[in-house]
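Sequential numbering from 1 applies to the sequence shown in full-length UniProt numbering.
A hint or two may mislead.
In silico DSS-like cross-links for lysine-lysine, where the CA-CA straight-line distance does not exceed 27 Å [what the hints assert, rightly or not]:
1. Lys218 x Lys252
2. Lys452 x Lys517
3. Lys411 x Lys281
Using C-beta positions, here's what the derived DEER-type ranges look like [unchecked claim]:
4. Leu437 x Ser547: 50 to 58 Å
5. Glu445 x Gln515: 53 to 61 Å
6. Gln515 x Cys451: 40 to 48 Å
7. Arg499 x Asp442: 42 to 50 Å
8. Pro331 x Thr457: 31 to 39 Å
9. Val555 x Thr457: 14 to 22 Å
10. Asn518 x Tyr414: 50 to 58 Å
11. Arg392 x Asp442: 16 to 24 Å
12. Pro540 x Tyr414: 35 to 43 Å
To be clear, the hints were calculated from the coordinates, so they are not data collected in a lab.
Just so you know, even glycine gets a beta-carbon here, dropped at the ideal spot from N, CA and C.
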Amino acid sequence: MPVADEEVALSETSEQWSDGDAQRRALLDEENFRPHVEVWSFKWWQYALLFLISVILLVPFAVNLAPKGSSWKEITSIDTSQPDPDVNDQQFGQSESLSQPQSPGGATLPRDEYLLDPAWDYGAAPTTRQYHWTLTETELNPDGVWRPMLLINNQFPGPLIEVNEHDTIRVVVDNQMTNATSIHWHGIYQNGTNSMDGTVGITGCPIAPNHSFTYEFKVYGQSGSYWYHAHQGMQASDGLVGPLVIHSKDEKQLQQIQYASDRIIMLSDHYHDLTGVLLRKYLAPDMENAEPVPDGALINGRAIRNCDDLPHRRCDNTTSNVGIPAFDLEPNRHHRLRIMNVGAFAEFQFQIDEHELAVTEVDGTDVRPTNYHRLNINPAQRYSVVVHTDKRERTSFRMRARMITHCFAEKNPYMVDSVQGIVQYSSNSGFTAANELPDTIDWDEAIGLECKDLNTTELVPVQVVAAPEKADAFFYLRSNFEIGAYRLSRGKFNTSSWRGDVKNPTLFRSIDGLQAKNASFDAEHDDGAVFVNDRAFNQPTELTIQSSGIQTIDVLISNFDDG
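Based on the sequences and whatever the hints tell you, model everything.
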């Protein structure tokens, strides 16, 4: 599980959950795991006084966490009575979510199950696509097991963002959770809008509890399949994830197989414990870099577990949000599936029985169709595949997503290492939940056991962009996790282990230093326009490569991690 950028996670607490069990205790400081031994006896008035003092101390602390600076807009109220005539408002607000079906845990279910609009106008004039999100906490049972979850507009996974290239995305994020948060737009260039990237301590500050922030950026020079996720602690694994699709005006030409439908398939590993608690255990003494092993997996936030196999868990697999994901595809047509691994740790091997997968897009790059039986996909990767529904022997087929468990350092006795769904031929082109899997034929070749990516050298871009003949600079990074004194010391690049400053991010300090003509940021003191700035930044905790203008940089990374 990646932890190099999770310093802030250990300063958070999970005290928002009222129960006193292990997964809901406040996260302790990473340097102090010893329990307190003193026993105190308080009278009622002492409790009241202690509460009053706590409130006085915490209010200014929360205010200080609020985003500051010219590029960060604090919103105390949102006026929706006068809509902007130039804004294409695609909000998923309370008025809409209340009409959606509710699970007992309070999470609404996407009505279209991430089916993209077939009438979408790729050639529409650039506009602003506006969304309003409220982030909250609840308990939810995505596979039957109840656990604390984080929701966007009462929904897990989060709502689809669908835009055209050259559109502007505006997302108002209202943080009603206990902890601070931030949203990162994975794969978006953010040229000229670096402060909107959502990386806490690097490009911006977190959004404090009970505060709002507006992300606003224009997308250009890219199209395809992307996703967003929280970038504070391990909140993404607790529910703050969702898909983002950018259409090109030339999409029909770039996609060389024409398709009748277009939808999102999100794969994720799933943990039955709050991931902040798992992170604390991972960093505890004598763990020796044994990443937490998932309990199972989800497809679009759904699966179903046998509660009899989990007597130690609170489990109910009869609620409306639990079941086998079943996707209706019209027969004798081609259908585009945008496969996204939005999980934390596990690599998946994805397939649909008896159907070849024609890969047509990789992480936003359109490629010439190449057929596979199984698709290896690592966390954060996205592949578009086109499936032809041309079988005549049957009308329902298994969709399988297996975690490659050979990559795991430990065994989880309660883990189910795969999640299965159903592709069923139907003219409805919608989503249903099923209770039984069909009997279909798996591919006869052996299951892959190696922890490696799909061989992308077999894929050829539709629009070939020649690589620069020569790089302006070269950097070598050795990646490893260091262990000392019977505890994991954190991930490192060379001798540096990142420790971000959440109140004064790297980007802000860089801008301030350049504007003030601080000599520490002057490239003339170094060999070239690209250099490791060890004068302005503390290299052991903040390895920062500084560039003057547009440069071509070669970075060679050697991964010495054993898992």
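So the hint says 31 to 39 Å: do the beta-carbon atoms of proline 331 and threonine 457 match that?
holds (35 Å)
Can the suggested window of 50 to 58 Å be confirmed for the beta-carbon pair leucine 437 and serine 547?
Holds - the Cβ-Cβ distance for leucine 437 and serine 547, about 52 Å, lies within 50 to 58 Å.
Holds or violated: lysine 411 and lysine 281, Cα atoms, limit 27 Å.
Distance ~16 Å between lysine 411 and lysine 281 Cα, so the pair holds.
Given a hint of 14 to 22 Å, does the C-beta separation of valine 555 and threonine 457 actually sit inside it?
The hint (14 to 22 Å, Cβ to Cβ) holds, given that valine 555 and threonine 457 are roughly 19 Å apart.
Just to be sure I understand the hint, the distance between the Cβ atoms of glutamine 515 and cysteine 451 should be within 40 to 48 Å; is that true here?
Holds, at about 45 Å.
Status of the given 53 to 61 Å range, CB of glutamine 515 versus CB of glutamate 445:
holds (59 Å)
Between lysine 452 and lysine 517, is the straight-line Cα distance small enough, at 27 Å or below?
Answer violated: lysine 452 to lysine 517 is near 46 Å, above 27 Å.
Quick check: does the Cβ-Cβ distance between asparagine 518 and tyrosine 414 fall within 50 to 58 Å?
Because 54 Å falls inside the window, the suggested range holds.
Between proline 540 and tyrosine 414, does the beta-carbon spacing fit 35 to 43 Å?
Given range 35 to 43 Å: holds, Cβ gap about 39 Å.
Cβ distance range 16 to 24 Å for arginine 392 and aspartate 442, holds or violated:
About 19 Å separates the Cβ atoms of arginine 392 and aspartate 442, which means 16 to 24 Å holds.
Please verify whether lysine 218 and lysine 252 have alpha carbons no more than 27 Å apart.
Given that 27 Å is the threshold and the Cα spacing comes to 22 Å, the pair holds.
Outcome for the supplied range 42 to 50 Å, where the beta carbon pair is arginine 499 and aspartate 442:
Holds, at about 47 Å.
Of the numbered hints given earlier, the model fails hint 2 alone.
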